[in-house]
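Enquirer: For chain V, the structure is supplied; the task is to place chains B, R and X on it using the hints.
4 protein chains.
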Amino acid sequence: MEGKPIKIATIGGGSSYTPELMEGLIKRGLPIKEIWLVDIEEGKEKQEIVGRLAQRMWDASPYQVDVHLTLDRREALAGADFVTTQFRVGLLDARVKDERIPLSYGMVGQETNGAGGIFKAFRTIPVILDIVKDMKELCPDAWLINFTNPSGMLTESVLRYGEWEKIIGLCNLSVGVMINEPKLVGKSMEELNFRFAGLNHFQWHKIYDKKGTDVTRQIAERLYDGKDTGTPANIFDVEFFREQIAQMGMIPCGYHRYYYRQDEMLAHMLEEYRDPKTGTRAQQVKKTEEELFALYQDPMLHEKPEQLSRRGGANYSDVACETIASIYEDRNSPIVVSTRNNGALPDLPPDCVVEVSALVGAAGAVPFAFGPLPPAERGWLQLMKNMELCVCEAAVTGDYGLALQAFLMNPLIPSGDRAKRVLDELLIAHKKHLPQFAEKIALLEKEGIEIKDDLVRNMTRQGL
Amino acid sequence: MEGKPIKIATIGGGSSYTPELMEGLIKRGLPIKEIWLVDIEEGKEKQEIVGRLAQRMWDASPYQVDVHLTLDRREALAGADFVTTQFRVGLLDARVKDERIPLSYGMVGQETNGAGGIFKAFRTIPVILDIVKDMKELCPDAWLINFTNPSGMLTESVLRYGEWEKIIGLCNLSVGVMINEPKLVGKSMEELNFRFAGLNHFQWHKIYDKKGTDVTRQIAERLYDGKDTGTPANIFDVEFFREQIAQMGMIPCGYHRYYYRQDEMLAHMLEEYRDPKTGTRAQQVKKTEEELFALYQDPMLHEKPEQLSRRGGANYSDVACETIASIYEDRNSPIVVSTRNNGALPDLPPDCVVEVSALVGAAGAVPFAFGPLPPAERGWLQLMKNMELCVCEAAVTGDYGLALQAFLMNPLIPSGDRAKRVLDELLIAHKKHLPQFAEKIALLEKEGIEIKDDLVRNMTRQGL
Amino acid sequence: MEGKPIKIATIGGGSSYTPELMEGLIKRGLPIKEIWLVDIEEGKEKQEIVGRLAQRMWDASPYQVDVHLTLDRREALAGADFVTTQFRVGLLDARVKDERIPLSYGMVGQETNGAGGIFKAFRTIPVILDIVKDMKELCPDAWLINFTNPSGMLTESVLRYGEWEKIIGLCNLSVGVMINEPKLVGKSMEELNFRFAGLNHFQWHKIYDKKGTDVTRQIAERLYDGKDTGTPANIFDVEFFREQIAQMGMIPCGYHRYYYRQDEMLAHMLEEYRDPKTGTRAQQVKKTEEELFALYQDPMLHEKPEQLSRRGGANYSDVACETIASIYEDRNSPIVVSTRNNGALPDLPPDCVVEVSALVGAAGAVPFAFGPLPPAERGWLQLMKNMELCVCEAAVTGDYGLALQAFLMNPLIPSGDRAKRVLDELLIAHKKHLPQFAEKIALLEKEGIEIKDDLVRNMTRQGL
Amino acid sequence: MEGKPIKIATIGGGSSYTPELMEGLIKRGLPIKEIWLVDIEEGKEKQEIVGRLAQRMWDASPYQVDVHLTLDRREALAGADFVTTQFRVGLLDARVKDERIPLSYGMVGQETNGAGGIFKAFRTIPVILDIVKDMKELCPDAWLINFTNPSGMLTESVLRYGEWEKIIGLCNLSVGVMINEPKLVGKSMEELNFRFAGLNHFQWHKIYDKKGTDVTRQIAERLYDGKDTGTPANIFDVEFFREQIAQMGMIPCGYHRYYYRQDEMLAHMLEEYRDPKTGTRAQQVKKTEEELFALYQDPMLHEKPEQLSRRGGANYSDVACETIASIYEDRNSPIVVSTRNNGALPDLPPDCVVEVSALVGAAGAVPFAFGPLPPAERGWLQLMKNMELCVCEAAVTGDYGLALQAFLMNPLIPSGDRAKRVLDELLIAHKKHLPQFAEKIALLEKEGIEIKDDLVRNMTRQGL
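Chains as they are written, first to last, in the numbering used here: chain V, 1 to 464; chain B, 1 to 464; chain R, 1 to 464; chain X, 1 to 464.
Just chain V, same shape as in the assembly (with noise of 0.2 Å):
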C-alpha cells in the first residue's frame, strides 16, 4: 500500500498510551494524513486531553498531521487504512474488580490472567467482534492492530468469530525481553535473534548468538543476577527456579511467574490487596494515571512524558507502529505477533491463535516454524489453549458451564466452591458490560449472591 497518505483510526483513543503511540508515528516518518482518537461519553474528558496533546506532538514534528476527536466510531472507521485498538471496556474500574474479588477469595486478581482475565475477555470480545462488523462495512481493507488486552483471545476470536483475516495482536513482552536481555551479556540487540512461541503472555523464547550458537540457558543464568530483566512493571520480580529453566532450555515471559511461581505471586498480591495504602494493581495504576493526564493537560507539552514509562505497557505502540510501518511499506521486520498458528507451534492445531516470532510485511504475519515443544512446556501450551478456546466461545455464547470449565481448568483458579463463587460475583458485578450472560445473572441475582470485597460491592451499587 505504500504511497498512499494514511488513515489511522484509534479505537480508546483517550488512553494515556496515546501520545506513545503518537511519539512512535513521528518517529516513522510515514505519510500520515489524519488520525482518529475514538472514546466513548464517559471518556471524553480524557480524550480531549490527550487529544491535544497529540495535535501539540504532530504540531511540533515535521509533519502535517490532522488529529480527529470522535465519539462517532463509525465515523473515524470510515475509509481508515489501520485501525489500532487500545481500548478497555468498563475503564480501570472494571480492572479494580477483575483483581479485587479474585484476591477476596485468596487467588490470583490480574487483569489478563487467571478469573481476571477471563473476564477482561468476556467483556472485550462482543466490543471487538462489533468493531470487525462496522469494519467490514466501512474499511473493508483496512488492518486491524490490536493491543487491548487480552490481545492473544481477542485474537482468536476475531479470526474465528468475526471471520476476519486482516488483524494483528500486539504485545510489549517480547520488546522489553530483547531490550534488556542482550545486556545481561554485555551484547546489543542486533547481536542475538530471539525465537518466541507460545501464546499471548504466555510464551517462552530462545535466544541465539551471531555463531548460530544457543544462547538460551547462559542468558537465563544471568537472569538470576539480580540485574533488570525486562519483567515489566506489573510484574512482581520473583525468580523462576532455575532447575526448570535449565531443563527447559528456553526462558519463560514475564507472567509465567503466575504459573511456576503462583504461591509468592499470589502472596504479594494478597499483601498490596491488604494494605490500603498500595491497593491492587488497577488502583495503583489509577493514580498514575491521574498523574499523567495532569502532565498532558500542560499546554506547553509537545512529546511524551518520561513518566508513562513506568506503566505496564511501555513499548506496546512502539511495536504497534513498526507493525504498521512493516505493512505499509512491506518491511518484513521480524516481529511477536499474536496470529494464526499456520503449523509454526505443531503441538497445536493450524488454525488456532498463537503469539510467535514472525515476518510481517504488507501481506500481514509470517510465523516462523518453530517445532515441537517439550513434553512439559506442550503440556502447558495445550492447557491454556483450551482454556482460551473455552474462554472465546462462552463469551460470545453467554454459555455458563463452559465459563465454569475455564475457571475450573484455569491454573490460576484453584478448583472447587470458591471457583464458582468468583465467576458468580463477577458476574455480577460487571453485569453492564455482560448483555450475553444476562440471563444467568439475573438468576444470580435472585439467589442474592452478595459481592464479599467491600469496595467491588459498593462499586457495583453505585453502577460503577
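Restricting the straight-line Cα-Cα distance to at most 27 Å, the calculated cross-link-like pairs of lysine-lysine (DSSO-like) are:
| no. | chain 1 | residue 1 | chain 2 | residue 2 |
| --- | --- | --- | --- | --- |
| 1 | X | 210 | V | 136 |
| 2 | B | 27 | R | 210 |
| 3 | X | 210 | V | 4 |
| 4 | B | 46 | B | 27 |
| 5 | R | 27 | B | 210 |
| 6 | R | 210 | B | 136 |
| 7 | V | 33 | X | 210 |
| 8 | R | 46 | R | 277 |
| 9 | X | 211 | V | 33 |
Honestly, the hints are just simulated from the structure, not real lab data.
Expert: The following block gives chains B, R and X in isolation, referenced to the frame of chain V:
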C-alpha cells in the same frame, strides 16, 4: 493360546488383594496349572498367610491348582503365560509418606494423583522395567497384566522405555461405574453401552442405551440424587458441579474430584490428616489390612472374605481375570484398559498410552476410536498426558529439573516454593527406593533439608 | 429401537439385488412391517418384476410383510426406520459410458475407480444429498444404509455436505475376503480375527489367529497357490507382487490390483473392450441382468435365484441386513463400514470418512483404532482420500478446475491431454445427470468436442 | 562464526559447476582462506582442469585463496567450516542408465524424478551418510551445504539416518522462478514476495506484491503468454492446464510438468530417446560437459564461461554461496531450502524434510509456516513425501520389497510388470554402486535378467 495349561506369576503376591484374584480365576474356570506368588523378604509373612489362603481356595474349588510361594522372581517368571503385578514398592509405609508430606504443606496427598502419585511412579517404574527385562529372558511370550498403580504411567513406561508390547494396564474404576450407574436409571449393565476415554484415573465416559440414544446427561443428572455412584471407597464423595457436567456431556471419573473440586477434596484430606484418630488413607488402609490378614489366617477360611470389598481396589482383580480370560480364549470382550492410543484419542499422539474402552482378545487390546474431545477436556487431557510423560522420563533418568517441571505443571500441586520443598522432602523420604535420584538426594541431605511432618520424619530416620 | 415394528425404504428398489436383500431380511427374522421399494419412471418395469418376486419371497416366509412399490420417494421415506440405497443414476447405460470413454483413450475404465468412479460420484452425490434433505423432513430418526457406489465418497458427502450423521456406508468386499481367506489355511471365519482399514475399494487388512498371532503374511503366501481368494467377480485376478505384500504385512483388497498392477489390469480391460463379444463389464452385466429379470418373472419363483451370486455385488445385501439387525438389536457386531474416522486411522484427519472394522450397534458404528500405517500405504491412503475430497467438493460445486485436479492426481488416469479429454467427453456424455456442471458442458459442446467411442457417441446422441 | 577465516571443502570438486561456485564466492567477498576440491580417481582429470581454472579465478580476484586438489576426502574435511556437495555417484554414465532404462519401457526417465531419481537416491544416500560419518570426526562444527540431487531425499537421510543436524539442502529452481516471473508483470524481484512450499523438485509457490495482494493467479496467467518462465533448461516446456492452476491458486515448479502432463513429457522424452542425434538428457549433458572442459582448459580463462548457464543447474551455486554467506554473517536472508519441516507444512509430520522458504542465519534455516495446503496439493505432497521415505529407508537397508513399493507408488512409474522389470534392470545396471542391494542383485543375475536397452546393456557389460 487356548487349550494350553496356564502358568500365572503374580508379582506382589503377598498383597491383600490376592484372594480376590484367586476368586476371579476360580470363577472363570480357565485351565490353570500353577500360580506363583512372588514377594520380597519384607513381605514374606503376609505372602505366607495369603498363599495358604489361596491354596485353600483352590482346594475348595473343582480345579487342581498349585499355589507356589517364592521370593525369587525369576523362578516365578520362567515359562509364565501371564504375569500380573500388584506390588507396592516401599509397602504402605511409602504410601504414608506420599500422602503426609504433601498434606503437611497443605496440598493434596494421594497415592496416584498429585505429588504422591508422581513419587509412586518414581519408585515403581524402575522396578517394572526390571521385571520386563527378566520377562524378555524368561517368558518372552507372556502377557503382562499390570494393576500396580499408577497403572497408566507404568504401561506408558513399559511400552516406551521397556520396549515390551504385550502389556495391558488395568484399573477397577470403570467396573464400579458400570455396576452402579445403570441402577440410577433402573437398568442393568447389559442394557447400556459405556464408552470410556482419557487417562488412568483421569477418564470420562459416555453412555448409550439400547436404542442408541446418548443417555449420559440423563444419568449424570441422577448422580445428584444421593444414590451410590460407584465412586471407590478411597475417594471422598463431593458432588461435581451440575453446570460443568451438563456442559461436557460426559461423566468424569471419581478421581476427577481432585481436579474439579480441589478445595473441597483438600479440606477433607487435611481434616483426616490432622485428626490422629483417622490419619490419612494409608493409615486407614494399614488397619484394614491388619484386620484382613487376621481373617486370612483362619485355617477354616477358603473364600474371599466380604471385608475385602471395602478397600478402594474392589473389582480390581475381577477386571484382571476378565482380561486374562479374554486373551486366553480370544473373547474380544470390551474392557477398559490402558494401552497404546493408536488414534483412539486423536488429541494425543498415536504412540502414547491412554485409558479407553477396547476389545481385548488374544492379540491384545484394540481401542475404540473415541474421536476428538471438546476443548475443556482436551486441554486437561493434554496437560495430564504431558505431565505423565515428564514423570515417566524423570523416573527413568533421575532428572531433577524434569521432576520439578512435572510438579509445577501438576494441577494438584500449587506452584512455587512449597512445590519444590515437597519434592525435596519426598526425595529424601523415599531415598531407599530412588536410586536414580541418588546424586540429587545426597545434595539435598547435605543442604540439611528436614522433613516437616513428624511421623514421616521419624519413619525416615528409622529407615522405614 | 428394539421391539418397534420396522419400516424399510429401499431407494433403487427395482435393482436386481433386491431379492438378496429380501433373503437377508427374511433370514434375520426382524419384526419388519413394511418394505417400500422406490424407483424412477425408467425403472418401473424392473421394479414391478422385482417387487412381485419380493412379495412372493415374504409370502413364502413365516413373516407377514407388505412390499410396497412406488415412484414417489417421499411417500416411501415418510416414517421409515431404515433407508437403504442401491440406486444407479443413469442405470447401466451410464456405467457403459464410465467404462468405455476412459478405455477408448487407453486408461482404466471402471465404475468405482479411476475416471468412471469419479463420474459415478459426480452423478450420485447430488442425488443422495437430495434424499438426505427429504429424510430430514420425513424420517429424521431413520438410519441411512448406503450401498450405492462409490460408497465411501457418498458417505463422506452425506456427513460433510448433507450434515446427516446417521449413515453407514457398506461394501461387500470384506465379506468375500472373510469367507475365502480362512479356507486357504483350513480354518473357519470364526477362527480368525480380521482388521480392515483404508478407504472404500481401497483398504487393506490384517489377520490374527485365536492365539493372537499375526497370520497375515502366512495367509498372503497362500494367495499365490491359485485358490479362490475372494476377489469379486468383477475384478480380473492378476496376482499381487509377493515381495510387495511381504513388505507391507497386510493384504490389499481386490481393487488394489488396479493400483499395484495397472498395466496388466488395463491390458485385460482393453482386450474385453476391443472384443465385441465380451464388451466391458457393464455390457456383460447388462446381459446378466436381463437373464436375472427373466428368471425373476417366473411366478413360481419365491427365493433368490442362484445366478445372482455371479454378479460382483454378491454378499452386498448380506452385510446390509447384518448392519440393520445390529443397529436394531444393538448387537455390537464387528462389521467393515465406511464411517467417520475419529482417529481410527491417525494418518487422516479425524473428521473424514474411512472404511474400517467397527462395532455396529444402536448408536451406529464405532471404529477400531488401527494406528498409523507404514509409509507406502500411508502415502497411497492420503493421496486417495484427498482425491476423494476433491471429487466430493467438485460434485457439489460443479467446479471444473477441481474435477480436473481430481483427474490429474488419480493414479488410474495418466495425466496430460488424454486426462482432460476423457474428463470433457464424460461431462458431455453424462450431461443429463450433471446439472451442477451445466455451464461448463455447454461450453464444451460449443467447442464441438466429439465423443470418440462409437457406441457411447451414439448412445449420447440418442439421449441415453 | 563471523570473522574467522573460512575453509571450504567441496565434495565432487571436479564438477563443471565449480567455476560458478567460485564466481559466487568471489562475488560475496567472504574471508575465505582455503578451498579444497575433493574428487575420486575417475574424476581426477576433470578435477585438475577445473582446479586450475578455479585457482586462476581467485588469482584474478582481490582475494588470496588457495585452491587445494585432493583425492583424500578426509584431508579436505579436516577442520572445514563448510562442506559443499556436488558429486555424482557413477558420473554421467549412471545418469544415462537412470534415463534410458525407464524410457526403454516407455516410462519417464529422469535423473531426479521417477525410477531414475529413485536410483540416484539409492546410489547417493550411502555415500552422503559416509561423508557425514567423517564430518562427525573431522569437522563436527561444519555446515553441510548439499546440492547433490535428489537434494530433498539426501537431506532427509542425513537428518533421519545420519543424525547430523547442520545440513541445508539446496536447489536452483526457486532462483530461476524469482528471476523470471517478476519480468512477466514488469516488476523486479524486490517488488514481489515469494513463498515456496513442498518438496524438492515438487514445490509450489505463491507471490505477493508490495501491497500485500496475492498476485499468484495474475502471474500464472502470464505464464501462458509464451514468455520465458524460468523453467530450467533440462525440463521440456509444456504448458500447465490453465484451469488447474487457476483452481490451485499456486504456481507449481517446473518438475511438476512430469506429474501434471505426464503424457506429453513422456512423448517428448521418448522422441529424444529414440533419436540417436539427441539421445537423452544425460547424453546431451555429456556433450555440453566436454565442451565446457575444453573451454576450462584455456589457461587464459579466469572467469566462469557464459556457456555454463545453459546447463539445468544454473544458479545452483549462487544459492549455495548465498547460503554460506547467510550462515557465516548471520544474515537471516530468505532462501528456499530443504530443511526439517517443524510444522511449516502442517500436512506432513514435523520431523520430515520439506522444501520451503526459510530465513537462513548462523543457526541454520528457520522455515516460514506455510499452513495447510488445499486437498489436491495435500494429496500429492503426502504421496510424494511417503514415497521419499520409502526410498530413503530402502537406500539404507537395501530392502527390495520397499524399493518395489516406492516404484509402485511413484506417479511416474506405471505399476505392474514393467515397473518391477525396470527396478530389476536398474539394480543390475548400477550394481557397482549399490552394495546394500548386493544380495538381491546376485539373485537377479542368477535369474538371467538382461537389460533391454542396447546402449546400457553394453555399458554395463563393459563395467561402466
